[in-house]
Amino acid sequence: MNCSESQSILRELARDQMMDARGRQSALAHAVSCGNCARALGDARALTGGLRHIASVDAQEQAPARVEASLVAAFRDRHSASLPVPVIAPAASRRWLYIAAGVAAAAVAAVLISLIATKTRSAETTAPTEARTHMEAPAGVQAPKPAPSPEKHVVSANPKRGVRPIKPVIQSTPPAPKNAPSGEVEIATDFFPLVNRESLNQLDSGQLVRVELPRSALMSFGLPMNMERAGERIKADVVVGEDGLARAIRFVR
Amino acid sequence: MTLSKTPSDPELLRLMIAGDEDAFTALYRRRQGGVYRFALQMSGSQTVAEDVTQEVFMVLIREAERYDSSRASLAAYLYGIARNYVLRRFEQDRLLVPIGDSADDGDSFTHPAMIAEDDPLGDLTRNETIDTVRNSILALPPHYREVVVLCDLHEMSYVEAATVVGCAVGTVRSRLHRARALLVEKLRAGRDRNQNPEQVNPARCFA
Chain A
1 MNCSESQSIL RELARDQMMD ARGRQSALAH AVSCGNCARA LGDARALTGG LRHIASVDAQ
61 EQAPARVEAS LVAAFRDRHS ASLPVPVIAP AASRRWLYIA AGVAAAAVAA VLISLIATKT
121 RSAETTAPTE ARTHMEAPAG VQAPKPAPSP EKHVVSANPK RGVRPIKPVI QSTPPAPKNA
181 PSGEVEIATD FFPLVNRESL NQLDSGQLVR VELPRSALMS FGLPMNMERA GERIKADVVV
241 GEDGLARAIR FVR
Chain B
254 MTLSKTPSDP ELLRLMIAGD EDAFTALYRR RQGGVYRFAL QMSGSQTVAE DVTQEVFMVL
314 IREAERYDSS RASLAAYLYG IARNYVLRRF EQDRLLVPIG DSADDGDSFT HPAMIAEDDP
374 LGDLTRNETI DTVRNSILAL PPHYREVVVL CDLHEMSYVE AATVVGCAVG TVRSRLHRAR
434 ALLVEKLRAG RDRNQNPEQV NPARCFA
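Protein chains in written order, with the numbering used here: chain A, 1 to 253; chain B, 254 to 460.
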């Protein structure tokens, strides 16, 4: 056996690992005759002995008990926080879920509109406070059907953020809603789309939700508003699709 | 908890995921020693070892579902997490500049067994050799240190060590060979220094 062959099995030799008996004898015999290999074998044995002793001494090392305590507490917290959620029966209660989601979405839309309106402080456009407008509802939306208008004037609307009213016209004789008390007449604008026109056209059916907004919201849709009455509230109808998204809005007076 | 006498790691893990606290405790007690010792031998610091152990099992609590038994044993998976945390800790510590004349000054968190007593007059006793080996391991570059710790101190096979480190088996083998050569050099240097304590560097005499 030469030095190279001896070096290749040095680790196994030092660790007294299972190996070919004849190879082992040859390596040991070579170490006797070769000073370098004998020294290398001695070093490897010393290192192996040191490593083994370290392993045996460190075998007693354990993480402190406080680590286990904190981990068990964390485990409890995690599993108490992830209790099973009750499953909602799908068929019957899903419709109510959609309706509730629609109302919630409408409320969110109303809040968003009011936020937009309050941030928008553009110049006040003077307009007749008695302006009465009416527009047609999107197809498929169950809304009070408008009466024919005897006098129609084109409104000089100033739409912002790409929101454009549908058929902006003024109507002086709006229809009376079903729930309105006798003698009181509600005047409504046409519906302003809150989504793009393509999404609005895809609306097959939806619900009309009555909300209240700051009067300043009128400005967001390019409608005239008296700044002195900006703090007052104004009623609006929001068209909510089956998916719960608000599609259009109209203002009611 | 309904367990057989010695439930396997995957069995304990499955129960643990289902919320069985006893299974988690059993799994922790079975595996914490190896993780803690690995972090201790890699860092030489009890504080680091404690932190790493805590982090490893927190990961297991949070993301036990991510363990894939077809890729590695649970022990190797835990060692792998521990290794990542240790290396991250090294990286963080590298950015910190120690205050004082020496990096060793005031390191009250170092495990007493990790400190070698420098006694040049004493013989190369067994304990000194062990201390020298321990310090030499800590002085190795991390990628050499980890294979020594895994293969020589934790008796892992090359395949298991390769799984933990995330490299080829041949890489583990070559790193281990190189690491042992470095350790032998350090041992020789220490032995020569002890045998010739009066030896001085002439360059320093003329300085």
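It is worth saying that the hints were derived from the structure and are not from the lab.
Please read these numbers as outputs of a predicted model, since none were measured by experiment.
Cβ coordinates follow ideal geometry from the N, Cα and C atoms, glycine included.
Do not take every clue at face value.
What the hints assert, rightly or not - Computed spacing ranges between beta-carbons, pair by pair:
1) B:R283 x A:R76: 29 to 35 Å
2) A:P64 x B:D445: 22 to 28 Å
3) A:G35 x B:T424: 41 to 47 Å
4) A:A74 x B:R444: 32 to 38 Å
To be verified - A few chain A residues facing chain B, derived, Cβ under 10 Å:
5) G49
6) A63
7) F75
8) H79
9) A107
10) I187
Claimed, not checked - Beyond 10 Å from chain B on every Cβ pair, some chain A residues (computed):
11) R24
12) Q25
13) V67
14) V72
Confirm or reject the statement that R24 of chain A sits farther than 10 Å, beta carbon to beta carbon, from all of chain B.
At roughly 19 Å from the nearest Cβ of chain B, R24 of chain A sits farther out than 10 Å, so the non-interface label holds.
Evaluation of the interface hint that places A107 of chain A against chain B, nearest CB under 10 Å
36 Å, violated
Is the claim that V67 of chain A lies outside the interface with chain B correct, judged by CB distances over 10 Å?
The claim breaks: V67 of chain A does not keep its Cβ more than 10 Å from every Cβ of chain B (closest is about 5 Å).
Within 22 to 28 Å: is that where the Cβ-Cβ distance between P64 of chain A and D445 of chain B falls?
With a Cβ separation near 40 Å, P64 of chain A and D445 of chain B fall outside 22 to 28 Å, so the hint is violated.
Regarding the hint that G49 of chain A lies at the interface with chain B, is the smallest CB-CB distance below 10 Å?
7 Å, holds
Is it true that R283 of chain B and R76 of chain A lie within 29 to 35 Å of each other by Cβ?
Given range 29 to 35 Å: violated, Cβ gap about 20 Å.
Cβ separation check - V72 of chain A to all of chain B, threshold 10 Å:
6 Å, violated
Restraint satisfaction for I187 of chain A [CB to CB of chain B, less than 10 Å]:
At about 59 Å, which exceeds the 10 Å cut-off, the nearest Cβ of chain B leaves the hint on I187 of chain A violated.
Using Cβ atoms only, decide whether H79 of chain A comes closer than 10 Å to chain B, and label the hint accordingly.
H79 of chain A check passes; min Cβ-Cβ to chain B is 4 Å, inside 10 Å.
Interface exclusion of Q25 of chain A relative to chain B, criterion Cβ beyond 10 Å
23 Å, holds
Starting from the range 41 to 47 Å, see whether the pair G35 of chain A and T424 of chain B falls in it by beta-carbon distance.
Violated: the Cβ-Cβ distance is about 33 Å, outside 41 to 47 Å.
Are A74 of chain A and R444 of chain B spaced within 32 to 38 Å by their CB atoms?
48 Å, violated
The structure fails to meet hints 1, 2, 3, 4, 9, 10, 13, 14 from the earlier list, while all remaining hints are met.
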